[in-house]
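Participant: Letter by letter, the sequence shown follows residues 4 to 67 in the numbering used here.
Source of the hints: derived by calculation from the structure; they are not laboratory data.
There could be a bad hint or two in this list.
[What the hints assert, rightly or not] For each label pair, taking beta carbons as the anchor points, the in silico distance ranges come out as:
hint, residue 1, residue 2, range
1, S54, F13, 24 to 34 angstroms
2, D34, P66, 15 to 25 angstroms
3, P66, E9, 28 to 38 angstroms
4, A67, D34, 11 to 21 angstroms
5, E9, A67, 24 to 34 angstroms
6, Q47, A67, 13 to 23 angstroms
7, A57, F13, 13 to 23 angstroms
8, S25, A67, 27 to 37 angstroms
9, A67, K14, 29 to 39 angstroms
10, S15, S54, 14 to 24 angstroms
[To be verified] Derived SDA-like pairs: lysine to any residue, alpha-carbon spacing no greater than 20 angstroms straight-line:
hint, residue 1, residue 2
11, K14, A36
12, K14, L51
13, K14, D42
14, K14, V62
15, K14, V27
16, K44, L10
17, K44, S64
18, K14, H39
19, K14, S54
20, K44, G60
21, K44, P55
22, K14, L65
23, K14, A32
24, K14, P55
25, K44, F13
26, K14, H45
27, K14, F61
28, K14, V53
29, K44, A67
30, K14, A52
31, K14, P49
32, K14, A67
33, K44, W12
34, K14, G60
35, K14, S64
36, K14, S63
37, K14, S43
38, K44, S25
Backbone N, C-alpha and C fix where the C-beta goes; we use that ideal spot for every residue, glycine too.
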Amino acid sequence: MIRNAELTWFKSSYSSGPDGNSCVEIAIAPDTATVHVRDSKHTQGPRLAVSPGAWAGFVSSLPA
C-alpha cells in the first residue's frame, strides 16, 4: 500500500459545493499509475484507488 506521504495530492479549482468546501483530492501513484481519491477535509480517512481507465470513465460521465 502506498502511504499518503508518497503521493502528491491536488484538487480541481472547479471542485466546490454549496458551502464552497466540498472537495475531493486526487493523486497518481508514480509506480502503478493508480488514481487515488480522498476527501480534502479528512485527508487521513479512507481513500479510493482506481485504474486510470476507470477514473477516465468516471470523469467523462460527469456533466460539463
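Participant: Each hint should be assessed against the structure and marked as holding or not.
Facilitator: Taking the hints in turn, this is what the structure says about them:
1. Under the hint 24 to 34 angstroms, the C-beta atoms of S54 and F13, about 19 angstroms apart, miss the expected range.
2. At about 33 angstroms, the CB distance of D34 to P66 disagrees with the hint of 15 to 25 angstroms.
3. Look at P66 against E9: about 33 angstroms separates their beta carbons, and that is inside 28 to 38 angstroms.
4. A hinted range of 11 to 21 angstroms for the beta carbons of A67 and D34 is inconsistent with their spacing of about 33 angstroms.
5. The hint said 24 to 34 angstroms for the Cβ distance between E9 and A67, and at roughly 33 angstroms that hint holds.
6. A hinted range of 13 to 23 angstroms for the beta carbons of Q47 and A67 is inconsistent with their spacing of about 32 angstroms.
7. Evaluation of the 13 to 23 angstroms hint for A57 and F13 yields a pass: the beta carbon distance comes to about 19 angstroms.
8. Checked against the hint of 27 to 37 angstroms, the C-beta distance between S25 and A67 comes to roughly 18 angstroms, which is inconsistent with it.
9. Separation of A67 from K14 is about 18 angstroms and departs from the stated range, judged on CB atoms against 29 to 39 angstroms.
10. In this structure the hint that S15 and S54 lie 14 to 24 angstroms apart at CB holds, the actual value being about 20 angstroms.
11. With a CA separation close to 17 angstroms, the supplied pair K14 and A36 stays within the 20 angstroms bound.
12. Distance restraint check for K14 and L51: the Cα-Cα separation of roughly 15 angstroms lies within the 20 angstroms cut-off, and the hinted pair is therefore satisfied.
13. Of the pairs offered as hints, the one joining K14 and D42 holds, with about 10 angstroms between alpha carbons and a cut-off of 20 angstroms not exceeded.
14. In summary, the hint linking K14 to V62 is supported, as the alpha carbons are separated by about 14 angstroms, within the 20 angstroms threshold.
15. A distance of roughly 6 angstroms separates the Cα atoms of K14 and V27; the hinted pair therefore holds under the 20 angstroms criterion.
16. For a cut-off of 20 angstroms, the pair hint linking K44 to L10 stands: about 17 angstroms separates their Cα positions.
17. Note on K44 and S64: the hinted pairing is violated, with a Cα-Cα distance of about 25 angstroms set against a maximum of 20 angstroms.
18. Only pairs whose Cα atoms come within 20 angstroms are accepted, and K14 paired with H39 is accepted, the gap being roughly 12 angstroms.
19. Among the hinted pairs, K14 with S54 is consistent with the structure: their alpha-carbon atoms are about 18 angstroms apart, no more than 20 angstroms.
20. Between the alpha carbons of K44 and G60 the distance comes to roughly 25 angstroms, so the proposed pair goes past 20 angstroms and is violated.
21. Pair hint K44 plus P55 does not hold up; C-alpha atoms about 24 angstroms apart against a cutoff of 20 angstroms.
22. With a CA separation close to 16 angstroms, the supplied pair K14 and L65 stays within the 20 angstroms bound.
23. The suggested pairing of K14 with A32 holds, with an alpha-carbon distance near 15 angstroms, which does not exceed 20 angstroms.
24. Distance check on the hinted pair: K14 and P55 sit about 17 angstroms apart at the alpha-carbon level, within 20 angstroms; holds.
25. Between K44 and F13 the alpha-carbon distance is near 13 angstroms, which keeps this suggested pair within the 20 angstroms criterion.
26. For the suggested pair K14 and H45, the alpha carbons sit about 13 angstroms apart, so the restraint of at most 20 angstroms is met.
27. The straight-line distance between the Cα atoms of K14 and F61 is roughly 16 angstroms, inside the 20 angstroms bound, and the hint therefore holds.
28. Taking the CA atoms of K14 and V53, the gap is about 17 angstroms. The hint holds against a cut of 20 angstroms.
29. The suggested pairing of K44 with A67 is violated, with an alpha-carbon distance near 24 angstroms, which exceeds 20 angstroms.
30. With a C-alpha separation of about 16 angstroms, the suggested pairing of K14 with A52 holds against the 20 angstroms cut-off.
31. Note on K14 and P49: the hinted pairing holds, with a Cα-Cα distance of about 17 angstroms set against a maximum of 20 angstroms.
32. Using a Cα cut-off of 20 angstroms, the hinted pair K14 and A67 holds, with the two alpha carbons roughly 17 angstroms apart.
33. Among the hinted pairs, K44 with W12 is consistent with the structure: their alpha-carbon atoms are about 13 angstroms apart, no more than 20 angstroms.
34. Of the pairs offered as hints, the one joining K14 and G60 holds, with about 18 angstroms between alpha carbons and a cut-off of 20 angstroms not exceeded.
35. For the given pair, K14 sits about 18 angstroms from S64 by alpha-carbon distance, which is consistent with the 20 angstroms threshold.
36. Between K14 and S63, the direct Cα distance comes to roughly 17 angstroms. Compliance with the 20 angstroms bound is thereby established for this hinted pair.
37. Pair hint K14 plus S43 holds up; C-alpha atoms about 8 angstroms apart against a cutoff of 20 angstroms.
38. Restraint check: the Cα-Cα separation between K44 and S25 comes to about 8 angstroms, which is no more than 20 angstroms; the hinted pair holds.
Checked against the numbered hints above, the structure breaks hints 1, 2, 4, 6, 8, 9, 17, 20, 21, 29 and satisfies the rest.
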